[in-house]
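Q: Protein sequence lines, in the order shown, are assigned to chains A and F.
Numbering of the first sequence is given in this note's numbering, commencing with residue 680 and proceeding in unit increments.
Numbering of the second sequence is given in this note's numbering, commencing with residue 680 and proceeding in unit increments.
Everything labelled a hint here was simulated from the structure, so no lab data went into it.
No false leads were mixed into what you were given.
One copy or any two copies: either way a pair holds, since identical chains are not told apart in the list.
No more than 35 Å apart at the CA atoms, straight line, and that leaves these computed lysine-lysine pairs for DSBU-like:
(1) Lys727 with Lys805
(2) Lys818 with Lys691
(3) Lys731 with Lys687
(4) Lys806 with Lys818
There are 2 protein chains.
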Amino acid sequence: MIISDNLKMYVKKLRSSNLRPTKQRLKICQYLFDRDKTFHFTVETLNKKINKNRATKVSLATIYNTVEAFTNAGYLKEILTSKNKSYYDTNIKSHHHFYDEGSKELTDIHYSQIKLSKVPTPPKGKKIKNLEVVIRIQK
Amino acid sequence: MIISDNLKMYVKKLRSSNLRPTKQRLKICQYLFDRDKTFHFTVETLNKKINKNRATKVSLATIYNTVEAFTNAGYLKEILTSKNKSYYDTNIKSHHHFYDEGSKELTDIHYSQIKLSKVPTPPKGKKIKNLEVVIRIQK
DNA sequence: TATCTAGTTTATAATAATTCTAAACTAGAA
DNA sequence: TTCTAGTTTAGAATTATTATAAACTAGATA
Numbered sequence: 680m681i682i683s684d685n686l687k688m689y690v691k692k693l694r695s696s697n698l699r700p701t702k703q704r705l706k707i708c709q710y711l712f713d714r715d716k717t718f719h720f721t722v723e724t725l726n727k728k729i730n731k732n733r734a735t736k737v738s739l740a741t742i743y744n745t746v747e748a749f750t751n752a753g754y755l756k757e758i759l760t761s762k763n764k765s766y767y768d769t770n771i772k773s774h775h776h777f778y779d780e781g782s783k784e785l786t787d788i789h790y791s792q793i794k795l796s797k798v799p800t801p802p803k804g805k806k807i808k809n810l811e812v813v814i815r816i817q818k
Numbered sequence: 680m681i682i683s684d685n686l687k688m689y690v691k692k693l694r695s696s697n698l699r700p701t702k703q704r705l706k707i708c709q710y711l712f713d714r715d716k717t718f719h720f721t722v723e724t725l726n727k728k729i730n731k732n733r734a735t736k737v738s739l740a741t742i743y744n745t746v747e748a749f750t751n752a753g754y755l756k757e758i759l760t761s762k763n764k765s766y767y768d769t770n771i772k773s774h775h776h777f778y779d780e781g782s783k784e785l786t787d788i789h790y791s792q793i794k795l796s797k798v799p800t801p802p803k804g805k806k807i808k809n810l811e812v813v814i815r816i817q818k
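Work out the full structure: start from the sequences and follow the hints.
A: As C-alpha cells, this is what we get:
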C-alpha cells in the first residue's frame with residue numbers, strides 16, 4: 680500500500696486516540712476523510728463503497744467497530760434522525776441540518792446560518808454538551 | 680366499556696382522520712392522551728403499560744400500526760434521537776428537547792425558551808415544515 | 001530478527017426493533 | 001341481518017446492530 684501524506688496524517692490521528700493504525704482502519708479513513716466535501720453516510724452505504732471493488736475486503740463488523748471508535752474519538756459525528764438507522768457526518772464542527780422528508784436526504788447548514796438569541800439553562804448539575812437544529816423541509 | 684367524555688372526543692378525532700374508532704384504538708388513546716403532562720414513549724414502553732393488566736389485550740402489531748396512524752394524522756410527533764428506536768411525544772406543538780446522555784432521558788423545552796434570530800432560507804422549491812432543537816446535556 | 005501478547009479482524013450467531021403476512025374478526029353501511 | 005372493507009392478531013420475515021470466539025497482526029521486547 681502506498682503511504683501518502685494523508686495516510687501519514689491518519690496514522691497520527693489514530694495513534695493519538697490509542698487506535699492502532701491497521702490497514703483496515705486506514706482504508707476506512709481514506710473513504711471517510713479523503714474528500715473535499717463533508718460526507719453523510721450510514722454503515723450500510725460505507726460498507727458498499729469500501730467493498731465494491733473486492734481488492735481488499737473489510738468485514739462489516741470492522742466497519743461497525745471502526746465507525747464507533749471514530750465517533751468516540753471525535754472524528755465522526757452521529758446525526759439525529761427519526762429513522763431506525765445510524766447516520767454519521769464527517770463534519771464534526773458544530774453545525775445543523777436540513778432533512779428533506781421527500782428524498783430523505785440530509786444537507787449541512789453552516790453554524791453561522793443559524794443564530795440563537797435565547798437558550799434555556801440546563802437542569803441543575805448538567806452542562807450543555809452540544810446543540811443541534813434539524814429543519815425538516817418538504818415541497 | 681364506559682364511554683366517557685374523553686372517549687367521545689377520541690371517536691371524533693379518529694373519524695376526522697378516517698380511522699375507525701375500534702376498541703383497541705380507543706384504549707391506546709386513553710393511555711396516550713388522558714394525561715395532564717405530555718408523554719414521551721417508545722412502542723415498547725407503551726406496549727408494557729397497556730398490557731400490564733391483562734384485562735383486554737392489544738397486540739404489539741396493533742400498537743405499531745396505531746402509533747404510525749396517529750403520527751401520520753398529526754396526533755403524535757416523532758422525536759429525533761441518535762438511538763435506533765423510535766421515540767414519540769404526545770406534545771405535538773412546536774417545541775424542543777433536552778437529551779440527557781447519561782440517563783438517556785428526554786425532557787421538553789417549551790418553544791418560548793428558545794429563540795432563533797437567524798434561520799436559513801430552505802433550498803429552492805422547498806418549504807420549512809418544522810424546526811427542532813435538541814440540546815444534549817451531560818454531567 | 002524472532003518471539004510474544006494485547007489489540008484487532010473476521011465470519012457467524014444472537015439480539016432487538018420493526019414490518020410483513022394472511023387468516024380471523026368487526027364496524028357500520030345497506 | 002347481511003355484507004364488505006377495514007382492522008386485529010400471532011407469528012414469520014426482515015433489517016440494523018451487537019456479541020462471540022477463533023485466527024491474525026502490530027509492534028514492543030529480548
